[in-house]
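There are 2 protein chains.
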Amino acid sequence: MKRVYNFSAGPSMLPQSVLEKAAAEMLDYEGSGQSVMEMSHRSKIYGTIIEGAEALLREVMNIPDNYKVLFLQGGASTQFAAIPMNLGTGTGKADFVLTGQWATKAQKEAARYLKSANVVASSKDKTFSYIPKLDPSTFTKDADYFYICMNNTIYGTVFHELPETGDVPLVADISSCILSTPIDVSKFGILYAGAQKNMAPAGLTIVIVREDLIGHAMDICPTMLNFQTHADNGSMFNTPPCYTIYIAKLVLEWIKNEIGGLAKMQEINEKKAGILYSFLDSSSMFKGTVVPEDRSLMNVPFITGSDELDAKFVKEATENDFVNLKGHRSVGGMRASIYNAMPVEGVEKLVQFMKEFEARNS
Amino acid sequence: MKRVYNFSAGPSMLPQSVLEKAAAEMLDYEGSGQSVMEMSHRSKIYGTIIEGAEALLREVMNIPDNYKVLFLQGGASTQFAAIPMNLGTGTGKADFVLTGQWATKAQKEAARYLKSANVVASSKDKTFSYIPKLDPSTFTKDADYFYICMNNTIYGTVFHELPETGDVPLVADISSCILSTPIDVSKFGILYAGAQKNMAPAGLTIVIVREDLIGHAMDICPTMLNFQTHADNGSMFNTPPCYTIYIAKLVLEWIKNEIGGLAKMQEINEKKAGILYSFLDSSSMFKGTVVPEDRSLMNVPFITGSDELDAKFVKEATENDFVNLKGHRSVGGMRASIYNAMPVEGVEKLVQFMKEFEARNS
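Chains as they are written, first to last, in this note's numbering: chain B, 314 to 675; chain D, 314 to 675.
To be clear, the hints were calculated from the coordinates, so they are not data collected in a lab.
In this text the structure is predicted, and so the values were computed from the model without any measurement.
Keep in mind that a hint or two might mislead.
[As the list claims (entries may be wrong)] Calculated pairs, SDA-like style, for lysine to any residue (alpha carbon to alpha carbon, straight line, at most 20 Å):
id, chain 1, residue 1, chain 2, residue 2
1, D, K418, B, K315
2, B, K334, D, E333
3, B, K357, D, E629
4, B, K500, B, A576
5, B, K357, D, G344
6, D, K357, B, P377
7, B, K357, D, E333
8, B, K500, B, P377
9, B, K315, D, G344
[Claimed, not checked] What follows is a list of derived Cβ distance ranges for each label pair:
id, chain 1, residue 1, chain 2, residue 2, range
10, D, K577, B, K662, 47 to 53 Å
11, B, P495, D, K600, 57 to 63 Å
12, D, K577, B, V498, 50 to 56 Å
13, B, G645, D, K334, 36 to 42 Å
14, D, G403, B, P495, 49 to 55 Å
15, B, D480, D, D620, 38 to 44 Å
For each residue, glycine too, the CB sits at the ideal point set by N, CA and C.
Next up, chain B with everything else stripped away, as it sits in the complex (with noise of 0.2 Å):
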């Protein structure tokens, strides 16, 4: 069997535990004689595993009793749309920081729907390769919520600092970054992310909502997308991507009782991103994009200033198996995912496989 390092944006990288135990699982589920994939959503024994799996989330992340946790389908992009039309009924106006792609689709959709989808903030002036300085005297007093992209995947910037908001909810996308930190969930009305990076295969959304903030949709909001929907029966309105929120337990159980918890998993991806920006911060050849101040712990991205070596560099690690460290196809370069599963070794190995071909090549 063979296994590589796979620095992919997402889907990416699983604990390898967690395939092993899915596999050896994959016929006979603890005994059932059926696969959890061919389990009806409302047996008993399908009901310990998404009970489980929310039960976990709330006990690692800390949520508190006054939020929902939903469990949905149709990735970010079915949010950009849901998140206006559940929360845009008071006084239709919402503020947005535009810090990426991701963000900017998101006002755009959210804009569609809103009387009004103001832009706050944005560094899109520099490629995006920063987190612009947010004054809270500017912020839309009584706007019904304010939006942000936590950590943005594809230009490798993430808040370290979230925006004073007051008593307007602040609505995060954490896709990128859940569960790589602890997170203070209290001081969010909204936080959500696509399973496909740090959790779960591709397939399911985590919708973590302040219960105030659901049953207020707008008429046109198609039943599936209004929270209350899902939140008034424990994501089983319609049948949940079963298969996918087992696999988000078996993840969630990595770890809790693997890892030890989110504090211990920031020190390690701490670790991990130290090693990949110290190298690229002494390198003479390849150089991180972002303001150091503004770096993510999970995507980093880095040129050489050369297209051409730039491909010989993506080219070769693949051939070292060490795949997927091709940029994002709208800003080119390279990028290295280093969510929480690639272990430390992967990025340790990385390093060495960049001083090796800084040096063949300078």
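Assemble the complex: chain B is given as a structure, and chain D must be docked to it using the hints.
Quick look at chain D alone, frame taken from chain B:
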């Protein structure tokens, strides 16, 4: 390893050879060093999987070139809104036949978006135990579409004849009969199905849509519910449910290579249903609940006439590894869902068990 006969209405049994292949490939798909769960959806190797799945579906179902195949999320329940939002911009009228809970939900959701969601016929008067006779002279001549739920999972009925809708596009939910028999796709405007019965685990919705019906969505239609979004991007506008599509591909390979196509699949399904219906027609304890001419090949509801005896039967059946035979909570009694992956011997053994139960309790 234990395996049971699983009569679940969905999610439901998958072919054992599919599960075995998925388990074997879990950590390293074809020497890539990655699980399919971990693959970037934009990678070349994943491209072969999603394109392979579409090509196989087109071949097995004989889908004409002027139809798009979309791999979506959100289940049939999301399509209940998407269909009126995509098709309802002509006259804003559509016709519905109410043959059960799912058709009723589809009509109710469509009524939120259409000028008229007209019920042309219903079998609610007899707990949906038959398919209403339809009189085309009562159909709305200028409707944007005509809607049916082809196979009714809860009640065990199926449309053996299609409504004659002329130029009005026929839209059918085929969630619980897709791939069970050949079907003439060219007679439909849209065929769609949640995959979790005959095709894959939950979390994938297949939409087969005639090209001329794409591109007319309502202004309020969320980008992710607009068929054009996905048709223009080969179902890759955002991250699709990659692993579920991979399992669908394995199931399609099983139908093509191990079964020999849909005509052969129909033969096997008719044999299985024949065994069970013959017994129900001869038993003095167990009775089918559907009029013989509208019986489904996939879902077979039956009763003893005594709630107590029903409960005893379900309990003893479960103890003997015939699981998920309890009827839907809205109708009670029993239901055996005998989808493609249920082997003939599963039905034979169930009937044998029913005979013994009847002898013991008469």
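Hints and how they fare:
1. K418(D) / K315(B): Between K418(D) and K315(B) the Cα gap is close to 48 Å, so the pair fails against 20 Å, i.e. violated.
2. K334(B) / E333(D): Cα-Cα ~14 Å, so holds.
3. K357(B) / E629(D): 17 Å, holds
4. K500(B) / A576(B): 18 Å, holds
5. K357(B) / G344(D): 38 Å, violated
6. K357(D) / P377(B): Measuring from Cα to Cα gives roughly 42 Å; hence the hint is violated.
7. K357(B) / E333(D): 25 Å, violated
8. K500(B) / P377(B): Measuring from Cα to Cα gives roughly 11 Å; hence the hint holds.
9. K315(B) / G344(D): Given that 20 Å is the threshold and the Cα spacing comes to 6 Å, the pair holds.
10. K577(D) / K662(B): 47 to 53 Å: 50 Å, holds
11. P495(B) / K600(D): 57 to 63 Å: The hinted range 57 to 63 Å holds for P495(B) and K600(D), with Cβ atoms some 59 Å apart.
12. K577(D) / V498(B): 50 to 56 Å: 53 Å, holds
13. G645(B) / K334(D): 36 to 42 Å: 37 Å, holds
14. G403(D) / P495(B): 49 to 55 Å: 53 Å, holds
15. D480(B) / D620(D): 38 to 44 Å: Between D480(B) and D620(D), where Cβ atoms are some 54 Å apart, the hint is violated.
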